[in-house]
Structure formats: C-alpha cells, structure tokens
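Each chain, written out:
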Amino acid sequence: MRDEVTTAGILSVNDLHAWYAESKALHGISFEVREGELLTLIGRNGAGKTTTLRSIMGIVRKRTGSVRFRNEELIDKRIYQIARKGLAYCPEERAIFSSLSVKENLTLPPVLQKGGMADDELLKAFPNLQRRASSQGTKLSGGEQQMLAIARILRTGSRFLLLDEPSEGLAPVVVKEIAELIRKLKRQGFTIILVEQNLRFARSVADRHVIVENGRVVDILTSDALSQDMARVQSYLGV
Amino acid sequence: MFDAISPQLLFGQLLIGLINGSFYAMLSMGLAIIFGLMNVVNFAHGAQYMLGAFTAWLLLNYLGVPYWGALVLAPVIVAAVGMAMERAVLRPLQHLDHLYGLLATYAVALIVEGLIRQRYGATGMPYPSPINGGVNLGFMFLPWYRFYVVIFSIVICLGTWLLIEHTRLGAYLRAANEKPDIVESFGVNVPRMITLTYGFGVGLAALSGVLAAPIYQVSPSMGTSLMITVFAVVVIGGIGSISGAIMTGYVLGLVEALTKVFYPAGAGMVVFVVMIIVLLMKPNGMFSSPERL
Ligand SMILES: Nc1ncnc2c1ncn2[C@@H]1O[C@H](COP(=O)(O)OP(=O)(O)OP(=O)(O)O)[C@@H](O)[C@H]1O
Ligand SMILES: [Mg+2]
Chain A
4 MRDEVTTAGI LSVNDLHAWY AESKALHGIS FEVREGELLT LIGRNGAGKT
54 TTLRSIMGIV RKRTGSVRFR NEELIDKRIY QIARKGLAYC PEERAIFSSL
104 SVKENLTLPP VLQKGGMADD ELLKAFPNLQ RRASSQGTKL SGGEQQMLAI
154 ARILRTGSRF LLLDEPSEGL APVVVKEIAE LIRKLKRQGF TIILVEQNLR
204 FARSVADRHV IVENGRVVDI LTSDALSQDM ARVQSYLGV
Chain B
0 MFDAISPQLL FGQLLIGLIN GSFYAMLSMG LAIIFGLMNV VNFAHGAQYM
50 LGAFTAWLLL NYLGVPYWGA LVLAPVIVAA VGMAMERAVL RPLQHLDHLY
100 GLLATYAVAL IVEGLIRQRY GATGMPYPSP INGGVNLGFM FLPWYRFYVV
150 IFSIVICLGT WLLIEHTRLG AYLRAANEKP DIVESFGVNV PRMITLTYGF
200 GVGLAALSGV LAAPIYQVSP SMGTSLMITV FAVVVIGGIG SISGAIMTGY
250 VLGLVEALTK VFYPAGAGMV VFVVMIIVLL MKPNGMFSSP ERL
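Residue numbers (this note's numbering), protein chains in the order written: chain A, 4 to 242; chain B, 0 to 292.
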C-alpha cells in the first residue's frame with residue numbers, strides 16, 4: 004500500500020469503457036502503471052486486453068473514461084497525438100507492411116523524441132533484420148516479424164511501450180529471445196504494458212499483473228503473489 | 000485490307016492514341032493514388048481536370064497569365080480547392096461505407112460542371128497553343144505541342160511512380176494504404192497526409208487539364224466524356240495499382256488508335272470490350288495484387 008502512495012503512476016487508466024460499433028467491449032477498466040514498471044494484462048480470449056491497449060492508443064475511437072499520461076488527458080486525443088506524447092504500440096497481428104521492404108518497415112516510424120535508436124544501432128541490435136534488409140517485410144518468419152515490429156517502435160524514442168502478445172504462436176527458442184529483449188528494455192528503463200497469455204513468461208518478466216475478465220479488471224497481483232497463487236490465476240484464465 | 004492503309008493514317012492515329020493514352024495514364028494514376036489511401040473512387044476527377052483547363056483559360060483571359068504560368072498555378076489552385084473539399088465533404092464520411100464518398104464526389108462533380116455551364120455556357124472555348132509549328136517526319140507531320148505533351152506526361156508518370164515506390168515519402172503512402180492506424184500510431188499525422196494526397200491527386204487531374212486545353216477545347220463537359228474511358232482503364236489496370244494505371248493508360252490509348260485504323264466502327268467501344276474481358280478473366284484487374292487492394 005505504502006508503495007502505491009509514494010510512487011506516482013505515469014499512466015492511469017480510469018473507468019475506461021470502449022465500443023466496437025454498437026457492441027461494448029470494455030466495461031470500466033482501471034489501473035495504474037508506474038515509471039519503469041512492467042505490467043502485464045492477463046485474461047482469457049476475448050477478455051478485452053487488446054481493446055484496452057487499442058483504447059489507450061486511440062485506435063478504438065469510441066471510448067469514455069480517463070487515460071492520463073504524465074498528467075495529461077489522452078481520452079479525447081487522436082492516435083498520432085497520443086503517439087507524440089511518448090507512447091508506442093506493437094499490435095498483436097504485428098502489422099508488418101507487405102508493400103515495404105524490411106529496411107523500410109524498420110525505418111518508417113519517425114523519430115518523435117530524443118533518445119530514439121538510430122538506424123545503425125537498430126540494425127546492430129537486430130542482426131537478422133540487417134541480413135534480410137531488402138526482402139519484403141512479410142517474407143520474414145513469424146519470430147523475425149515480431150522482432151521487426153518491436154524494433155521499429157524503438158526508433159520513435161517513446162519510452163512507454165504497449166506490447167500485445169509478442170510471444171504468441173512462436174517457437175520456444177524464439178519466445179526466449181523475445182523475453183530476453185523485453186528484459187533488456189526493462190533494464191534500459193522502458194515502461195511496458197505487456198499482454199501475455201503465457202503465465203510462465205509473464206511471471207518471468209513482469210512486476211505486476213492486471214487480470215482482465217469480460218472487459219473489467221478483476222484482480223491486480225504482484226509477480227510473487229502470482230507465483231504463490233497460480234491456481235487462482237489459472238482459474239481466471241480457464242486453464 | 001492492310002495495303003489500303005497509308006502510313007500517314009496509321010502513324011497519325013498512333014500519335015492521337017499516344018496523346019489520349021497520356022491523359023488516360025495521368026488521370027487513372029491520380030485516381031489510383033486517391034483510391035489507395037482513401038478507398039474513395041473520386042468521381043470528381045473529371046470535373047477537377049476540367050477545372051484545371053478552365054482555370055488556365057480564366058488566368059489567360061482575365062489576368063493575362065500565359066500557359067507556362069498556368070501550368071504551375073492552375074494545378075495549385077485546383078488542388079487547394081480539392082483539399083478544402085476533402086476536409087469539408089470527404090472527411091466526415093471517412094468512417095462510413097465507401098459508397099458515400101463515391102456519391103459525394105459525384106455530386107460535387109455535377110455541381111461544379113453545372114455552375115460553370117451556367118456561367119460560361121456549354122460550348123467549347125479555344126485555348127492557344129504555347130508551342131507552334133512542328134516537324135515533317137516524312138510519313139507524318141508531328142506538331143511540337145503534341146510531342147511535348149507525350150514527353151511531359153511520361154516524365155510526370157515516371158516521376159510520380161518513383162516518388163511512391165522509391166522514396167521515404169512514398170513508403171509512408173504505401174504503408175498508410177495498408178494500415179493507416181498503425182502508421183498513425185507511429186506519430187504520423189495521417190489525417191493531414193490524406194488531405195495532401197487528395198490534393199496531389201487533384202493537382203494531377205488539373206495539370207492534365209492544362210495540358211489538354213490547347214489540344215481539346217475548354218468546355219464544362221470535357222472531363223465527363225474522358226472520365227468514362229478513364230474509369231474503364233482503372234478497372235482494367237486494377238484499382239489502386241499505380242504502375243498498372245500508367246501502363247494500362249498508354250496501352251489502351253494505342254489499342255483505341257489501332258482499332259480506329261483497322262476497324263473504325265469499333266473504336267468507341269474497344270476499351271469497354273477489353274474491360275469486360277478482363278473483368279471476366281481477372282476480376283481484380285491486370286496489375287492488382289491482393290495486398291494493394
Ligand atoms: N474489431 C472488432 N469488432 C467487433 N468486436 C470486436 C473487435 N475486436 C474485438 N472485439 C470484441 O471485443 C471483445 C474483446 O476483444 P479483445 O480483442 O480485446 O480481447 P483479447 O483479450 O485481446 O483476446 P485475445 O486473447 O483473443 O487476443 C471480444 O468480445 C471481441 O469479440
Ligand atoms: Mg488480443
């Protein structure tokens with residue numbers, strides 16, 4: 004409790020509701036993220052994890068409630084304005100552009116703030132992408148596409164990352180590489196919201212976990228609490 | 000049958016085909032660029048082409064601005080009008096069915112043409128050619144202005160293609176064609192990009208109109224008749240494909256010309272016959288790839 008008072012959240016989501024056309028997907032989501040923290044969103048399929056990220060980012064337009072980032076309200080802002088405040092989003096479907104080469108995909112995001120990684124730094128950090136620089140973006144393997152999707156948002160200089168299931172559908176060795184990358188980002192001071200179904204993976208990288216069910220937050224746990232009470236969390240996930 | 004055809008007739012028609020093809024290519028390229036980003040079939044394209052020619056005519060007759068000045072000014076003016084129209088009419092319809100955008104642009108086209116017909120009448124007005132004379136090639140006489148139009152349009156088409164396929168600016172456009180929200184999530188002002196792209200497409204239409212003014216007469220309906228063929232070109236090339244639009248434009252201009260030589264009665268319909276055949280065999284057009292649709 005004391006922890007929550009002394010460490011102010013840099014992002015606070017309050018009573019967030021969101022709709023796809025007439026159908027409601029979020030029914031009042033609230034949580035806080037502290038600077039440098041890695042927070043996961045956990046919940047079964049269709050719980051509203053992706054919708055939460057897309058609503059924070061402004062991609063789901065029909066939304067109410069409050070999303071405050073560094074004390075600025077984002078709920079009435081457009082996607083590009085939110086991005087320019089310093090949030091970056093890596094979608095579940097990775098969204099690699101098929102009409103762009105790997106290099107073009109990587110260098111597409113403009114540098115928005117100081118501290119964005121330079122092109123040569125990025126290529127050095129992701130040697131696979133360097134080797135395949137001129138191939139079509141979507142010709143990469145799933146793991147490489149995921150790396151590319153994360154790498155390119157590092158170019159913007161945003162220090163707050165929204166990562167949607169980066170480990171989904173990837174082979175165990177690749178999942179390990181992604182986990183390593185995420186740990187490295189955390190060490191570098193990035194604040195991260197990670198959507199993750201894989202509890203082992205989630206527990207190994209995160210500080211706290213927000214459990215989402217039917218568009219609501221039903222629990223918030225630290226990683227230690229999660230380890231001690233795996234059974235309860237697994238019942239949330241229905242496994 | 001073949002020995003009855005003189006080289007003068009053949010090459011004369013081929014030149015006309017190349018000129019028409021130049022206009023088909025430039026106009027369908029603009030349509031493809033607009034459709035790619037906005038998913039709007041810009042039915043105002045013909046009216047914007049006419050406005051280009053008309054603005055050039057007005058600039059000459061009221062302000063004494065010569066052709067070369069109009070070649071720059073008219074597209075800029077018409078593009079500005081187009082961008083205002085995008086903000087006022089198309090943006091509010093952006094999240095509705097694409098049919099609304101098509102209907103709205105068609106309505107704007109009818110209104111613009113109606114207003115100009117009201118004020119200036121329906122008859123064509125001549126626009127003097129800025130380049131006179133020509134060269135006798137032996138088998139035909141080649142007017143310099145027509146030669147210039149062919150070269151100019153090839154440069155414009157190639158330049159636009161290079162800009163879109165091989166520059167960073169073009170990469171933004173290609174990416175936004177695929178996934179505009181993701182491009183916007185990188186902090187790119189996509190709404191402004193849409194306005195500017197629409198302006199660019201409209202400017203291309205107006206530029207074609209200025210080029211056309213000395214060849215055809217300047218009249219309120221000059222766009223309408225041309226656009227029927229241009230839409231067929233776009234359907235044949237595959238809507239949204241830039242290179243497809245360019246190549247199909249030139250090829251169909253030439254096909255039309257050859258038909259005029261060898262089977263004059265079919266010249267008016269050959270483009271549409273080709274369109275139906277292509278639609279039956281390749282419904283998405285000759286040059287479409289699934290991602291670019
Ligand atoms: N584009 C859409 N249009 C309509 N409804 C949608 C759309 N995307 C998601 N939904 C609905 O919104 C609800 C929340 O979906 P969301 O994608 O946020 O879940 P999720 O927790 O990310 O699930 P998953 O683990 O499968 O990715 C679901 O009921 C889903 O069917
Ligand atoms: Mg999801």
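Think of the hints as simulated: they come from the structure by calculation, not from any bench. Don't take every hint at face value.
Stated by the list, open to error - Here are the in silico distance ranges between beta carbons for each label pair:
no., chain 1, residue 1, chain 2, residue 2, range
1, B, Leu-278, A, Ala-128, 34 to 40 Å
2, B, Arg-86, A, Val-221, 55 to 61 Å
3, B, Tyr-147, A, Gly-172, 43 to 49 Å
4, B, Ile-276, A, Ser-137, 33 to 39 Å
5, A, Ser-137, B, Met-280, 31 to 37 Å
6, A, Lys-142, B, Gly-123, 26 to 32 Å
7, B, Gly-123, A, Asp-79, 51 to 57 Å
Stated by the list, open to error - Far from chain B, by Cβ distances over 10 Å, these chain A residues were calculated:
no., residue
8, Asn-17
9, Phe-72
10, Ser-102
11, Glu-124
12, Val-176
13, Ala-228
Cβ coordinates follow ideal geometry from the N, Cα and C atoms, glycine included.
Evaluate the given range 31 to 37 Å for the C-beta pair formed by Ser-137(A) and Met-280(B). The hint (31 to 37 Å, Cβ to Cβ) holds, given that Ser-137(A) and Met-280(B) are roughly 33 Å apart.
Please check whether the beta-carbon of Ala-228(A) is more than 10 Å away from every beta-carbon in chain B. Ala-228(A) clear of chain B: closest Cβ-Cβ about 33 Å, beyond 10 Å.
Satisfaction of the hinted span 34 to 40 Å by the C-beta atoms belonging to Leu-278(B) and Ala-128(A): At 49 Å between Cβs, range violated.
Taking the beta carbons of Gly-123(B) and Asp-79(A), is their distance inside 51 to 57 Å? Roughly 52 Å apart at Cβ, these two residues keep to the hinted range, so it holds.
Lying within 33 to 39 Å: is that true of the beta-carbon distance Ile-276(B) to Ser-137(A)? 37 Å, holds
Going by Cβ atoms, does Asn-17(A) stay more than 10 Å from chain B at every point? 22 Å, holds
Using Cβ atoms and 10 Å as the threshold, tell me whether Glu-124(A) really stays out of contact range of chain B. 18 Å, holds
Mind verifying the non-interface call on Ser-102(A)? Its CB should be farther than 10 Å from each CB in chain B. 4 Å, violated
Is the nearest CB of chain B more than 10 Å from the CB of Phe-72(A)? 14 Å, holds
I want to verify a distance hint. Is the separation of the beta carbons of Lys-142(A) and Gly-123(B) within 26 to 32 Å? 53 Å, violated
43 to 49 Å was suggested as the range; check whether the CB atoms of Tyr-147(B) and Gly-172(A) agree with it. 57 Å, violated
May I ask you to check that Val-176(A) keeps its beta-carbon over 10 Å from the closest beta-carbon of chain B? 27 Å, holds
Checked against the numbered hints given earlier, this structure breaks hints 1, 2, 3, 6, 10; the rest are met.
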